[in-house]
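**Student:** This is what each chain is made of:
Protein chains: 2
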Amino acid sequence: MSKRKGTVGEREIIELFWKEGWAAHRIAGSGSNKFPSPDIIAGNAQRKLAIEAKITKDNIKYFDEEEVYGLEAFARVFGAEPWIAVKFAREHWSFFALHDLMRSGKLFKIGQKDALTKGLLFEELIKKEIISSSS
Amino acid sequence: MSKRKGTVGEREIIELFWKEGWAAHRIAGSGSNKFPSPDIIAGNAQRKLAIEAKITKDNIKYFDEEEVYGLEAFARVFGAEPWIAVKFAREHWSFFALHDLMRSGKLFKIGQKDALTKGLLFEELIKKEIISSSS
Numbered sequence: 084m085s086k087r088k089g090t091v092g093e094r095e096i097i098e099l100f101w102k103e104g105w106a107a108h109r110i111a112g113s114g115s116n117k118f119p120s121p122d123i124i125a126g127n128a129q130r131k132l133a134i135e136a137k138i139t140k141d142n143i144k145y146f147d148e149e150e151v152y153g154l155e156a157f158a159r160v161f162g163a164e165p166w167i168a169v170k171f172a173r174e175h176w177s178f179f180a181l182h183d184l185m186r187s188g189k190l191f192k193i194g195q196k197d198a199l200t201k202g203l204l205f206e207e208l209i210k211k212e213i214i215s216s217s218s
Numbered sequence: 084m085s086k087r088k089g090t091v092g093e094r095e096i097i098e099l100f101w102k103e104g105w106a107a108h109r110i111a112g113s114g115s116n117k118f119p120s121p122d123i124i125a126g127n128a129q130r131k132l133a134i135e136a137k138i139t140k141d142n143i144k145y146f147d148e149e150e151v152y153g154l155e156a157f158a159r160v161f162g163a164e165p166w167i168a169v170k171f172a173r174e175h176w177s178f179f180a181l182h183d184l185m186r187s188g189k190l191f192k193i194g195q196k197d198a199l200t201k202g203l204l205f206e207e208l209i210k211k212e213i214i215s216s217s218s
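Order-wise, the sequence lines are chains A and F. All the letters of the first sequence, read from the start, carry residue numbers 84 to 218 under this note's numbering. All the letters of the second sequence, read from the start, carry residue numbers 84 to 218 under this note's numbering.
Please keep in mind that the hints were generated in silico from the structure rather than gathered at the bench. For glycine and all other residues, C-beta sits at the position ideal for the given N, C-alpha and C. Please note that the accuracy of each hint is not assured.
Derived coverage of chain A by chain F (criterion: at least 3 residues anywhere in the stretch with Cβ under 8 angstroms from a Cβ of chain F; other residues may be distant) [said to hold, decoys possible]: (1) 118–124; (2) 127–134; (3) 140–154; (4) 174–184.
Straight-line alpha carbon distances no greater than 30 angstroms define the calculated DSS-like cross-link-like pairs of lysine-lysine that follow [what the hints assert, rightly or not]: (5) F:K192 <-> A:K117; (6) A:K117 <-> F:K117; (7) F:K140 <-> A:K117; (8) A:K210 <-> F:K117; (9) A:K117 <-> F:K189; (10) A:K102 <-> F:K117; (11) F:K210 <-> F:K140; (12) F:K117 <-> A:K211; (13) F:K102 <-> A:K117.
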């Protein structure tokens, strides 16, 4: 995916958060940072979310270990919930916990059908009451 | 101050946080964002800090209202402590609460002598126990 396309997707998510009374921003240099980093940080008085965001035209989205472990490491140190946001073709954004990722050799993957069974819609994500990276 | 010099200063602060076991990153597009934004977001399991960071060779540093109110607004919505970091010539970074800023017409200002009386050193900032934007 092009860098530009990634940025457009991240901006969409950021708009969604501010509309709902949350603050959200892109992290500078995400993907090329010296320290582990998410694409987006979002928060309100109660919750902080670290988000890796991807748009794809395929029906499976792959993630390399560095992306996933970087997100996990940042979230643990910063004190935030780690979330993976994927927008499949003709779908809304789906938000996945890290345990929703499946192994695929050295990569991790999420399929479009998982969006229905495991993914949360944005509205569900922000109403989630349990603050835990494992639920 | 040049954009590049600003970025160098921000990177210094980010290094300090990671060395002490905190997570910190620059916010993308800070200063030109559609939504209120700090330069840096830092956090650990207990605290979240939103920071505006400036390096100056002068002995007074000025801030415009947009910078100060933007920092304050972001911090309130995100749920973080707002801090102003200033590095005067031949000094370490000093961290100021918003109430340490003085009015100067339409601007706000902090003087180099305030670094001694009101400013916190980095080590003091991260050991601060009271989580409050007004103390």
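**Student:** Which of the stated hints cannot be reconciled with the structure, identified by number in ascending sequence?
**Tutor:** 3, 4, 5 and 9
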